[in-house]
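Chains as they are written, first to last, in the numbering used here: chain A, 10 to 352; chain B, 10 to 352.
The hints are simulated quantities; they were obtained by calculation from the structure and are not laboratory data.
Idealized CB from N, CA, C, for every residue including glycine.
Please note: incorrect hints may appear among the correct ones.
Claimed, not checked - Straight-line alpha carbon distances no greater than 27 Å define the calculated DSSO-like cross-link-like pairs of lysine-lysine that follow:
hint, chain 1, residue 1, chain 2, residue 2
1, A, K251, A, K76
2, B, K251, A, K183
3, B, K251, A, K230
4, A, K72, A, K230
5, B, K274, B, K300
6, A, K251, A, K183
7, A, K12, A, K274
8, B, K251, A, K107
9, B, K12, A, K76
10, A, K12, B, K72
11, A, K107, B, K12
Stated by the list, open to error - Label pairs and their in silico Cβ distance ranges:
hint, chain 1, residue 1, chain 2, residue 2, range
12, B, K107, A, P165, 48 to 54 Å
13, B, R303, A, E185, 29 to 35 Å
14, A, E75, B, T162, 45 to 51 Å
15, B, V46, A, K274, 41 to 47 Å
16, B, E256, A, P165, 57 to 63 Å
17, A, E19, B, G324, 23 to 29 Å
18, B, S203, A, T320, 21 to 27 Å
Protein chains: 2
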Amino acid sequence: MRKGRTIFFENAPKISATATVAGPKECAGVVGRYADVPLVDDMFGEDTFERAERKMLLTAVRKSIEKARLTEADVDFFLSGDLLNQIISASFTARATKLPFLGIYSACSTMSEGLLLAAVLTDGGYAEHVVAATGSHFSSAERQYRYPLELGTTRPPQSQWTVTGAGSFVVSAKGEGPAITCGTCGRVTDFGVSDVNNMGAAMAPAAADTLLAHFADTGRKPDYYDLVLTGDLGALGSRLLKDLLWEKGVDIGENHVDCGEIVYKIVEDEFQGGSGAGCSAVVLGSYIYDKLQRSGLGRVLFAATGALLSTVSSGQGETIPCISHAVAIERTDARATRGEERL
Amino acid sequence: MRKGRTIFFENAPKISATATVAGPKECAGVVGRYADVPLVDDMFGEDTFERAERKMLLTAVRKSIEKARLTEADVDFFLSGDLLNQIISASFTARATKLPFLGIYSACSTMSEGLLLAAVLTDGGYAEHVVAATGSHFSSAERQYRYPLELGTTRPPQSQWTVTGAGSFVVSAKGEGPAITCGTCGRVTDFGVSDVNNMGAAMAPAAADTLLAHFADTGRKPDYYDLVLTGDLGALGSRLLKDLLWEKGVDIGENHVDCGEIVYKIVEDEFQGGSGAGCSAVVLGSYIYDKLQRSGLGRVLFAATGALLSTVSSGQGETIPCISHAVAIERTDARATRGEERL
């Protein structure tokens with residue numbers, strides 16, 4: 010069933026397992042306690058950053074399948090994408106696993122696009138188990154999108170730091186785990202920001218657009234959720250999002266958290282927090298998933314955000330098109346407790 | 010319903026309209042008579058090749074919606090990707106249309122991945138109308154993947170020519186048009202080819218893998234189809250595919266055609282034919298779709314093929330991972346006539 014841009018999953022597919030790999034800088038923060046594979050060296054034993062990124066992704070994928078007590082033969086589809094040109098991390102991971110592979114790209118909102126499509130495939134009866142995964146690496150992203158690392162370029166205060174990490178989610182038609190109850194597809198939004206160091210400002214309108222659509226389509230209000238979790242707006246972008254929604258009469262001040270804002274212990278004069286496809290994948294797949302399983306959190310609206318630029322589009326004078334996809338993840342008992350389980 | 014890697018679409022979503030834009034070199038060939046927008050200038054009035062590529066894609070998308078007698082407000086999802094880094098042609102097209110957008114990437118098999126997912130969304134009741142589209146431009150691809158155009162590099166005889174063109178398909182839950190009856194998801198296959206000028210050889214094993222899975226999952230034989238249409242293997246790749254299948258006891262010699270092989274009037278000593286995401290999108294969306302609607306062709310198995318390399322992966326010594334997704338497109342009356350309508 011669908012209303013507007015929101016798909017309702019009547020069979021409520023479950024996130025039966027997650028697995029995350031996180032770099033050393035990331036493990037110093039909130040995800041350190043929860044990451045399945047914390048790295049002490051961001052090269053992960055490889056000789057290039059790109060190979061390290063792909064090894065993180067493959068490790069997360071295999072670990073998640075293992076944690077779901079499945080084998081690769083049980084997985085019907087693998088949905089993945091990443092920030093590198095031609096999503097090579099995802100494609101090479103798919104080569105290593107031999108899983109039936111559907112490549113996706115939504116920049117840093119790849120995780121929520123993956124979860125949305127995984128839910129469609131399982132809810133619709135087309136698959137028993139789907140793996141959705143993504144990741145990023147600070148050094149491979151930096152040298153592809155910005156400057157050679159050897160330059161030691163000074164980072165402006167509005168910038169964010171690409172997370173080194175990967176997250177993988179097993180979405181199952183049946184079984185245990187928090188359910189994906191609905192998802193809202195994003196539209197490309199562009200408010201004319203062209204500063205490639207200010208992704209938070211570029212992406213905030215996309216998050217606002219999707220959240221407004223989600224609340225309108227579902228009839229829910231922000232306080233329906235224990236947590237509205239955006240992907241990597243960072244500190245500045247998060248404030249912009251709250252303002253943009255406030256202007257429309259929607260207040261998410263009480264229960265909004267941004268993965269990019271919490272992933273590092275940030276000093277805001279230096280930079281705005283984490284970004285990258287791996288940012289929200291790691292935070293949701295470790296810290297938040299643990300809370301969804303064990304305590305406190307009953308209902309999370311996960312809205313990752315992505316900036317769909319390339320170095321060529323920026324070089325040719327284009328502004329930054331952005332998108333945000335959202336999925337609602339709910340604990341079944343939380344729904345029962347609250348008694349608001351209508352979709 | 011699914012068996013192995015093949016999804017069966019019990020509600021048989023229809024391809025209610027297609028639209029294609031093709032460059033001057035392409036219009037000299039078989040698609041010239043059928044393209045909705047034949048170009049006399051491959052710049053399409055723009056100042057960069059990348060902008061021309063995106064204008065082709067946007068034009069094809071809008072034209073297909075118009076031909077389906079819909080407006081953009083009727084389209085529930087837009088699935089698209091392309092060869093440029095970070096799929097900017099698709100993202101900027103999504104920005105211009107404001108359609109709910111799901112970015113996909115499967116290199117030159119993007120068209121069949123898009124049709125597969127469009128069929129899932131419509132068959133599953135999640136959408137009324139989905140647009141799936143892709144395109145490519147010789148000059149933007151050449152300068153991104155290979156050499157600056159100004160170099161005038163000599164092309165080796167095993168090379169292919171990236172098609173300048175775009176194709177867009179409207180997939181509808183109900184209505185008229187040939188139906189997508191099933192689809193087989195590809196796996197990444199890599200036989201160790203590292204010559205980036207020999208895509209046909211790299212991709213042939215991926216096509217063979219998917220076709221074998223398709224025939225095994227469906228119980229169909231090649232002669233079930235009037236046409237087994239691969240994407241852009243070119244002349245050499247097509248011969249390799251036939252040989253690979255022949256070794257497994259499957260003969261597609263009688264009814265196999267490759268979009269890349271037929272799109273140009275090729276002189277095989279010079280090069281192997283067309284390639285690029287736009288190649289199969291344009292051939293299927295114009296010439297073949299016309300035959301599916303008006304005459305002869307009743308059942309087509311469309312298996313586009315993609316090479317998932319990047320300049321970085323090749324530069325770091327990797328071989329070329331490839332994939333092929335297949336969708337079966339069948340005219341309803343053809344199914345009735347033949348009486349083999351079991352799925």
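Structure-based check of each hint:
Only pairs whose Cα atoms come within 27 Å are accepted, and K251 (chain A) paired with K76 (chain A) is rejected, the gap being roughly 36 Å. Restraint check for K251 (chain B) and K183 (chain A): the C-alpha separation of about 41 Å exceeds 27 Å, so the hint is violated. A distance of roughly 58 Å separates the Cα atoms of K251 (chain B) and K230 (chain A); the hinted pair therefore is violated under the 27 Å criterion. With a C-alpha separation of about 36 Å, the suggested pairing of K72 (chain A) with K230 (chain A) is violated against the 27 Å cut-off.
Our distance criterion of 27 Å between C-alpha atoms is met by K274 (chain B) and K300 (chain B), whose separation comes to about 20 Å. For the given pair, K251 (chain A) sits about 36 Å from K183 (chain A) by alpha-carbon distance, which is inconsistent with the 27 Å threshold. Under the criterion of a C-alpha separation no larger than 27 Å, the hint pairing K12 (chain A) with K274 (chain A) is inconsistent with the structure, at around 39 Å. The straight-line distance between the Cα atoms of K251 (chain B) and K107 (chain A) is roughly 23 Å, inside the 27 Å bound, and the hint therefore holds.
Simply put, K12 (chain B) and K76 (chain A) have alpha-carbon atoms about 25 Å apart, close enough for the 27 Å limit, and the pair holds. At most 27 Å may separate the alpha-carbon atoms for a hinted pair to count; K12 (chain A) and K72 (chain B) meet this at roughly 26 Å. Under the criterion of a C-alpha separation no larger than 27 Å, the hint pairing K107 (chain A) with K12 (chain B) is consistent with the structure, at around 17 Å. Between K107 (chain B) and P165 (chain A) the beta carbons are some 31 Å apart, a value that contradicts the proposed interval 48 to 54 Å.
Judged by the Cβ atoms, the range 29 to 35 Å given for R303 (chain B) and E185 (chain A) is violated: they are separated by roughly 53 Å. Taking 45 to 51 Å as the suggested C-beta distance range, the pair E75 (chain A) and T162 (chain B) conforms, at roughly 47 Å. Look at V46 (chain B) against K274 (chain A): about 54 Å separates their beta carbons, and that is not inside 41 to 47 Å. A C-beta distance of roughly 58 Å is found between E256 (chain B) and P165 (chain A), which places it inside the suggested range of 57 to 63 Å.
In this structure, E19 (chain A) and G324 (chain B) break the distance hint of 23 to 29 Å, their C-beta atoms being roughly 47 Å apart. One distance hint, 21 to 27 Å for the beta-carbon pair S203 (chain B) and T320 (chain A), holds here, with the actual separation near 25 Å.
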